[in-house]
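*Asks:* Residue numbers (the working numbering), protein chains in the order written: chain R, 1 to 165; chain E, 1 to 165.
To be clear, the hints were calculated from the coordinates, so they are not data collected in a lab. Careful, some of the hints might be misleading.
Any copy will do: because identical chains look the same in the list, a pair fits if it lies in one copy or spans two.
As the list claims (entries may be wrong) - Calculated lysine-lysine pairs in the DSS-like style (CA-CA distance at most 25 angstroms, straight line):
hint : residue 1 : residue 2
1    : Lys36     : Lys143
2    : Lys53     : Lys40
3    : Lys123    : Lys53
4    : Lys123    : Lys69
5    : Lys40     : Lys143
2 protein chains.
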Amino acid sequence: MQQSRDFRRRPLMMSALAVVLVALAGVVLHAQAQEKPPSKAEQAIKYRQSVYKVILWNFGPVAGMAQGKIPYDAADFARRAERVATMAPMLLEGYPAGSATGTTTRAHPEIWEHMDEFTELMKAMEGKAATFATIAKDGDFEKSRAAFVELADACKACHEKYRTD
Amino acid sequence: MQQSRDFRRRPLMMSALAVVLVALAGVVLHAQAQEKPPSKAEQAIKYRQSVYKVILWNFGPVAGMAQGKIPYDAADFARRAERVATMAPMLLEGYPAGSATGTTTRAHPEIWEHMDEFTELMKAMEGKAATFATIAKDGDFEKSRAAFVELADACKACHEKYRTD
Chain R
1 MQQSRDFRRR PLMMSALAVV LVALAGVVLH AQAQEKPPSK AEQAIKYRQS
51 VYKVILWNFG PVAGMAQGKI PYDAADFARR AERVATMAPM LLEGYPAGSA
101 TGTTTRAHPE IWEHMDEFTE LMKAMEGKAA TFATIAKDGD FEKSRAAFVE
151 LADACKACHE KYRTD
Chain E
1 MQQSRDFRRR PLMMSALAVV LVALAGVVLH AQAQEKPPSK AEQAIKYRQS
51 VYKVILWNFG PVAGMAQGKI PYDAADFARR AERVATMAPM LLEGYPAGSA
101 TGTTTRAHPE IWEHMDEFTE LMKAMEGKAA TFATIAKDGD FEKSRAAFVE
151 LADACKACHE KYRTD
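Bound conformation, chain R alone (with noise of 0.2 angstroms):
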């Protein structure tokens, strides 16, 4: 009798144990990555998608003024273009050597076998985001959406080529 109970409920037991040790080494594992410094090139990786967060945050709003999406703000949409034309330039120092992998990342490891390519790529990008900025400041709503329709296009031709999925 005393047996055929423990035998009921070791299965029970079992697999509550199971949970638990599961949950500990998920904390253990959480705990050490949390306390392990970055290394240098996570630090570039996740500078790298910062600059394009922060790029994505202002670009958004104005891609959906210049699609019609939203009304036309004059001012916001300028005050973005700005902004992305100041951060294109930090982009390229989040690609230092050694940073292809180190955490989570869609750069294309290519990047680093043609960085001449992929600086020219960046540098047209640039441009394009420079003189969006400026047309923008006029506040023509036509030629404002035309220089964007070319930053988007030196965007996605840098994507294309060195972004994975």
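Take the given structure of chain R and dock chain E to it, following the hints.
*Replies:* Frame of chain R; chain E shown alone:
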């Protein structure tokens, strides 16, 4: 005999099942987290964290130079000081109403109850950052270091009150 073998097997099967279930639950939750478009609050939190990260990317070497831990490079110091001053005014819009929670954040919920004071602290820091960038341009190490300390104090004033551990 058949029954006792079943009893012996069950604990192992149950714990293995528990592990599989926990793993599956993790995969499902992860997939949900990835597929669900980020909320406005989550976008704002990620945005402001990105701005802080870009600031830190530049502030780190500047602090190292100011503290004599790495050699003072006047041009690099000035360039990074300029970037900190450019990024600083981008922070405030990362704290819209309703973005106290949404994803992991160290922002104290009291920010939104004392937005006037929080804004004042931010504006004070922006001013110190602008002064710091202007002074850094002249390339005088002692003056640059003094301006750096004033900026660092302005950062700290807000962190102590409105950043959680």
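*Asks:* Evaluate each hint against the coordinates.
*Replies:* Taking the hints in turn, this is what the structure says about them:
1. Proximity of Lys36 to Lys143 under the C-alpha cut-off of 25 angstroms is found in neither arrangement, the shortest distances being 50 angstroms within a copy and 35 angstroms between copies.
2. Proximity of Lys53 to Lys40 under the C-alpha cut-off of 25 angstroms is found in both arrangements, the shortest distances being 20 angstroms within a copy and 14 angstroms between copies.
3. Taking the shortest Cα distances, Lys123 and Lys53 sit within 25 angstroms of each other both inside one copy (19 angstroms) and across copies (23 angstroms).
4. Neither within a single protomer nor between protomers do Lys123 and Lys69 lie at most 25 angstroms apart by alpha-carbon distance, with minima of 29 angstroms and 33 angstroms respectively.
5. Taking the closest pair of Cα atoms, Lys40 and Lys143 never come within 25 angstroms of each other, the shortest separation being 42 angstroms inside a single copy and 30 angstroms across copies.
Hints 1, 4, 5, counting from the list given before, are not met by this structure.
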